[in-house]
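Chain V is already provided as a structure; the job is to place chain H on it using the hints.
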Amino acid sequence: MLDYKTSMLYIFVQHEFATPNRLRPMNTTSSLVPDAVRMSYLQSLRLNAWAIVAVVIAMLSRLGLSQSQALSEPARAGIALLPLIPACLYLLTLWRWMQGLDEFQRRLQQSAVNFAAFGMLLLTLTADLLRGAAVAPRINFGWEGYFVLTFALYAFGLMFANRRYR
Amino acid sequence: MKNRLRELRTSRQWSQGDLAEKLEVSRQTVNSIETERYDPSLPLAFKIARLFKVPIEAIFEDPN
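Protein sequences, first through last, are from chains V and H. No gaps in the numbering here: position 50 of the first sequence is 50 in the numbering used here, and each next residue is one more. Here the numbering used here runs 1000 ahead of the position in the second sequence, where the first position is 1.
Derived from the structure by calculation, the hints contain no laboratory data.
Which bits of chain H does chain V cover? Going by a derived footprint, with three or more residues having C-beta under 8 Å, they are:
1. 1025 to 1032
2. 1038 to 1052
Each computed DMTMM-like pair below joins lysine to aspartate or glutamate, with the alpha-carbon atoms no more than 25 Å apart:
3. H/Lys1002 with V/Asp102
4. H/Lys1053 with V/Glu103
5. H/Lys1053 with V/Asp102
6. H/Lys1053 with H/Asp1018
7. H/Lys1047 with H/Glu1024
8. H/Lys1053 with H/Glu1024
9. H/Lys1022 with H/Asp1039
10. H/Lys1047 with H/Glu1007
11. H/Lys1053 with H/Glu1021
12. H/Lys1022 with V/Asp102
13. H/Lys1022 with V/Glu103
14. H/Lys1002 with V/Glu103
15. H/Lys1002 with H/Glu1034
16. H/Lys1047 with V/Asp102
Quantities reported herein were computed from a predicted structural model and do not represent experimental measurements. Using N, Cα and C, we set each Cβ at its ideal position, and we do this for glycine too.
Only chain V is shown next, with the shape it has when bound in the complex (with noise of 0.2 Å):
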């Protein structure tokens, strides 16, 4: 038996993220993510292909580059800038997406992408100040760290941007 807040949370999952759009009632304004980020696992996973595969190549090469300290300076740039590869492609990937899509959806992908930005520039700004008045001398994000607060910028200004417009 489940609780009421589970049931909740079990209907609010299933409204927002099973239910396929052509079976969502007309007027259906109450969603947190916008049409365009709605697709299956599949769509999704084909979209995000390249930065699965980035992650890996930079998990790799920094296993590879810690593991082998006899290698030579360039060889040794050449593996620790690997992951840009597949990290390019996929900025390739995601621009032509954008392109894909209609105007309206396309300006909120640009306010979640600037959000996102500025919200980096601000945190990196802030974490070099306080590392030059050694505040907090030992602040690094590494790209993990990065790599999700972008991510996290980037969905929480989707879902203002998408709010704004709801």
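Same frame as chain V, now just chain H:
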């Protein structure tokens, strides 16, 4: 910007989804235009006018 999109759509008994399909946009886009939270671009406004076979100014009201 005030508009008569909902009125025109309902007069033809189209759902927001139907109109969105005809305009090749998302249903959310149609909803945002109807609720006057989003002003469409000029190409989309022309597309809407062509679909309903009325001049743009018959759909969108000049705020001035």
